[in-house]
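A.B. asks: The lines below spell out each chain.
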Amino acid sequence: MSRLFEVYTYRQMLLSMIRTDLRTRYKGSFLGFLWTFVNPLLQLLVYTLIFTQILKTQIPKYPVYLFVGLLSWTLFQTAVQTGTGIVNRQANLVKKIYFPREILPLAIVGGAAVNYILSLLVLVPFILLEHVPLSWPLVYLPVILLAQVFVSLGFAFVFSALNVFFRDLEHIIGIFMMLWFYCTPIVYKLSAIPPKDQIWLDWNPMTPITVAYQRIFYQSVSPSVTNLLLVLLEGVLMTVVGWAVYYRLSRRFAEEI
Amino acid sequence: MPSFAIEMRNVTKDFKIYHEKNTTLKERVVYRGRERFTRFRAVDGVSLEVAHGAVVGLIGRNGSGKSTLLKLATRILYPDTGVVRVQGKVSSLLELGAGFHPDFTGRENIYMNASIMGFTRREITRRIDDIVAFSELGSFIDNPVRGYSSGMYTRLAFSIAINVEPDILLLDEVLAVGDFNFQQKCLNRIREFKEHGKTIMIVSHDLSAIERLCDTVVWMDSGKIRMVGNPVETVRSYLEFAETHTSLRDIDDSAVSGNGQVSAAIDQTEVGNDQPQSSDHAHDRSPNHASAADSLEKEADAQQVRWGNKSVEISDTWLEVSGQRAALIHSGDPVHVFMSYRRWAGVTDSVFGIGIFALDGTQIYGTNTFIDRAQIGELGESGMIRCMIEAMNLVEGRYWIDVAVHHIDGQPYDYQRKALYFDVRSPIKDVGFARLPHSWRHESG
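Just so you know, the sequences run in chain order A and B. So in my numbering, spot 218 of the first sequence is number 218, and the numbers just go up one at a time. So in my numbering, spot 192 of the second sequence is number 1192, and the numbers just go up one at a time.
Note that these hints are calculated values from the structure, not bench results. Nothing here was measured: the structure is a model prediction, and the numbers come from that model. Keep in mind that a hint or two might mislead.
[Unchecked claim] Capping the alpha-carbon separation at 30 Å, the derived lysine-lysine pairs in DSSO-like fashion look like this: (1) B:1089 with A:95; (2) B:1224 with B:1185; (3) B:1016 with A:95.
[Stated by the list, open to error] Derived CB-CB ranges, DEER-like: (4) A:167 with B:1049: 37 to 43 Å; (5) B:1151 with A:118: 49 to 55 Å; (6) B:1012 with A:25: 41 to 47 Å; (7) A:198 with B:1143: 19 to 25 Å; (8) A:31 with B:1428: 37 to 43 Å; (9) A:118 with B:1082: 44 to 50 Å; (10) B:1122 with A:121: 27 to 33 Å; (11) B:1189 with A:171: 33 to 39 Å; (12) B:1212 with A:251: 33 to 39 Å.
For each residue, glycine too, the CB sits at the ideal point set by N, CA and C.
Please put together the full structure from these sequences, using the hints given.
C.D. replies: Encoded structure:
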């Protein structure tokens, strides 16, 4: 609890780190901040080409279905993958200045979440252009997003702390995330997996999250409230455990990096 | 509320000095349990209490644990055993400009940097004008810091740390920033801080600054506190110790291979702090000075350092500048050399003398009461003789003083070679030994 309070007193640092991250990410490029919007669109284009032209998927309005999952995955992937290396990248700060170390992964996840919210500026017009109706189930969006932020935080805490002691993690995580991507119903529908095999995807907290997003944006129906609350609880638990692990390990950061 | 701003109880901190560090997974698995490292005790059972409003200086050789102690106080490092308690908001300056973003303007970096120290936007906005004014950056404040000179960079960093008004300010080797004027300004600001009852802890090799600013000086050696006390005495003891141990230190660093590696590694961790100003450090230069003078000094040391029949004994020798004992003198200061004596036998016509020497053994000046035809009269049981030097016009450097009392015919009562060492500091970097009073003029035509 006292950790929360201390982080709160450093809120300005958290905010300015998020802002710095967003401002400098595309620094020096011609399109600059526009890349926040162009990047997911190009990604969408590639996957759509592969899955409609080559693999002939049967999902109607496939680009919308795909885009919804892809954007939420981007949030998760950025949070975990860039989060993993964050303590090492900020070695200079960690070694020279005291601040609550939790700020570092928090800033990464926060930045990814802000980026997601900004990408809705592309998603919503895109959905409307494809004549998919948007309606009241959208009120669930904040809850889904919150659950996802908690899940992402849990992983970011643990991985970023471990990466200080095992640098390989940063490299392993890339391939691990690719596997994870295909274990999540983003390019395919969960119903495409035979029910007896679905158990293999149950461990994955990103599954109920992705499905919930797809339900509110693509199908315009409300998500399963039980599933949503379960994954929210799971996320909070992961964050608490991750935070504890991170805090414990953070005491040795300055001498290990 | 406990009455200490910083409280350390029996604090120990070990570092692992890796010969080959296994940080990748493969290495951890393959070389499991075979990591080669030496444990190095950087801080060894230190207990220290710093009262609210105290100004404490930490001195000691490189690798003596002063910076580690400071990092423990800021909670960058945590002790292996023992307790560190800190009361109040801490602003630390362990490295100038840590956390600056090169692409942001000076003003944006002020917000960034102060926010890293835990200040809110409103608090920063309230102080930003002071910070900008203090930094003397003028319109450059709205340029990216990428284009700053190193002087501007350090000025900005220092201005932030010193103007955010923390309760506790921790400074590591950052006093030597900017030009002379800016340094004076920083020192003044630190004094103001002191007057406002803030707590300050300074690590520095700039002993004269330490002596002037601090109430208490802590001398660290090999991770332990060797001496805590008033600045003049502690600095003086340290200087004397450093002088007699220069040769020892050389052995430490090169000859003994195991130890050598350790101290080399520790020096490296300090490089980050020392680098920007290293050329300014009198301390960094002193080993060179010393090694040049070493052979001569050893010869001198081999000679008897004190002789005479002790009919009269010089029991203590010290220097005073404006009524205060000092081991550091600013060039041009009026200095009084004191010799307290005890007379053990009946003597007449005693002569007291002093000699000032450079480290290489060159005598710079020598005189005595006979040469000067000074009337000191007959000696009592005990007393004090003082030689009042109107202006110690020596150039920057370290010197020693010989003192002596002898009979007028030359028979020595007590001759003390190297009775004390003192350092002279000067903003003017002239060369030689003595500054001859002078001025310049140009007459054209």
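A.B. asks: Among all the numbered hints in the text so far, which are the ones the structure does not match?
C.D. replies: 2, 5, 7, 8 and 11
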